[in-house]
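Asks: Sequence:
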Amino acid sequence: MGPVEPTQPTLAGMPRVRSPRLAKERAVAAELPVARVCVDVQPAHLDRLFDYLVPADLDDAARPGVRVKVRFGGQDADGYLLSRHEQSEHAGTLTPLRRVVGEPVLTAEVARLARAVADHYAGTLADVLRLAVPPRHARVEAEQHEPAGPAPDAPRAVATAWTPYRGGAALLQHLVAGGSPRAVWTALPGPAGERWADAVAQAAAACVLSGRGALVVAPDARDVDRILAALASLGLPAGAPGGAVRLTADEGPAARYRAFLAARRGVARVVVGTRASAFAPVADLGLVVLWEDGDPLHAEPRAPYPHARQVLMLRAELAGCAALLGGFGRTVEAQRLLETGWARQVAADRAVVRERTARVRALTAVELAREGAAAAARLPAPAFAAMRQALATGPVLVQVPRAGYVPVTACARCHAPARCATCTGPLGLDAAGAVPSCRWCGRLATDWACRQCGGRALRSVRVGSGRTTEEIGRAFPGITVRASGSHAGGGVLDTVPDRPAIVVATPGAEPVTEHGYAAAVLLDAAVATSGEGLAVEPDALRRWLAAAALVRPATDGGQVLLVGDGAARPTQALVRWDPAGLAERELAERAALRLPPAVAMAAVTGPRQAVELVVGRVSAPGLAVLGPVPVTGPGATLDPDVRALLRVAPDAAPALARSLAQSLAVRSARREGGTLRTQVDPPEVL
DNA sequence: TCACAGTAACTC
DNA sequence: AGTTACTGTGAG
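Under the numbering used here, think of the first position of the first sequence as 1, with each following residue one higher.
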């Protein structure tokens, strides 16, 4: 027989009368008897804190940050105890906590961060906490603390990896001195493509030297391991007390919770992990680092869809700590942080860039014109010749865009993505031969003209890539061909030997090689710069640079060939190795066109009526509502979902999020029905 | 008079 | 969301 909840009949307004039996069993804590709890429930209108009584027997265990079990609305629910108080604001009687589960998992700092993230994304605190705290693993929690092994030596924060960068040495000094600088860092290629990891590790070690903890977030487990290896060589080994810890989901729930607890208990000084670790409870946080902030893996796919960049920015502001955003490319979001003065630039001078990078050539249709029909071939003769030559001195990397991109329309002359003349949304073709229409506002694009070159002809970009490893292998008989990628037979390769071979990889799966590739060939540039997302051009450049960074410098004969007629601007940016320039131009253009991040946007997708009700209640200074328009999908149903876009100036973003959250609360209280998806800062504004 | 469905309101 | 309290209608 389970415990029966004692019900006490009370008259409204009358003092609460406890039966002696109840008082005996459930004496209340003498001090701070009120616990403020975030109850883990779905509905948006329940996104507030609820007060409970702390029974005397739970007084010790009921510390801020613990998980609790409570009675809520006639049923049992989980929750987090956020704080203890002497009194409650609640007029009615309070229910006692049922149980305290385990040790504290939420620090005050992370609880504040989670609230700020929920507010930014018009989501609920419970939803964010579900992302921030990994599932409990009782066995792991019961494990003994690591027997205090030999304490690691003080970390060495050799700044050598930062000397090539203007402002790099100063950044490190600032960190060691306990300061909180904020920087956008454009990384240079280096031997084995890993200098960047040494730089990240040195920044983290500098922070540890100042007596503070550090948090590093990378897109995938491979990058996490590279950073951990670099940290180990600086005297911050993974797994050792006072060292680093690997916080990823790929080694199972037990390992993840063990790492989480190591951070929470202060056993680890540096946490390195993937996107969810942006919420890791690092003690005395002094620095947050985000590597490759443009990688789509940094976008959380679960509601409220927070992006690691935004989480870490909020965290740096709330915790007053240092922030470092690094990558080979530069996102428009990072560019905006520079232009608003939020962060300072850390980048190498032009001369250093030239010294470190490979020779880059773009084999465009114009350059290949003299080849005639052969220009259409996917591996044109100059690329073939360059590969043959490079294979004499080392491995050659071939990057192939992942197939399966959405068809899109682009300018036939300059290949820039085609945009709506009215609202700057992307143009798409639903039926073959039809007039393209805007994916945002639905207008037909008759009489279209390219904003970049004035061209008047549209073309549909060919989709996907059928090029296979076998195809390339046939072109180079006798040469070893390795494939790396999630679709490749052998999966993703981490490293390849420093011997002549062809390595075919999809973006993000490029293996490193000790002395660098002799050459890289980036295929199907037109496919890489196609797609409907806003960030297609910086994204393409980011993927190209990531591959090009693995190639030896030009002084050692390294060369990069871009093949297949991509959009002009990212092509030029690659040839000049100028990611900052592309980001600058892209941000300026987005400001002119009122596109994010120069404006704030939110997307509401779902059944027409539900979308209209929610959007109809939203108000914010200067709010513009685009649509709703039917969302185009493969399954064209009878009654398709629609999407509306809400747009305001950046300084009205908090007001928009607040109003949107309020409208969603009304929706859930009224049970307006339908399944709705609300996204603030949608990563793919089609 | 009791039963039960539809609905309105609340959740510490 | 899930639960409980409260209307109103109908058969005995």
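Heads up, a few of these hints could be off.
Stated by the list, open to error - Now the in silico label distances, taken between C-beta atoms and shown as ranges:
#1 V140 - S233: 27 to 37 Å
#2 E86 - S233: 50 to 60 Å
#3 T422 - H85: 46 to 56 Å
#4 L297 - E672: 27 to 37 Å
#5 E86 - V176: 56 to 66 Å
Hint data in this document are derived by calculation from the structure and do not stem from the laboratory. C-beta atoms are modelled at their ideal positions from N, C-alpha and C, and glycine is treated no differently.
Asks: Each hint needs a verdict: does it hold in this structure or not?
Replies: Results of checking the hints against the structure:
no.: 1; hint: V140 - S233: 27 to 37 Å; verdict: holds, 28 Å
no.: 2; hint: E86 - S233: 50 to 60 Å; verdict: holds, 51 Å
no.: 3; hint: T422 - H85: 46 to 56 Å; verdict: holds, 54 Å
no.: 4; hint: L297 - E672: 27 to 37 Å; verdict: holds, 34 Å
no.: 5; hint: E86 - V176: 56 to 66 Å; verdict: violated, 43 Å
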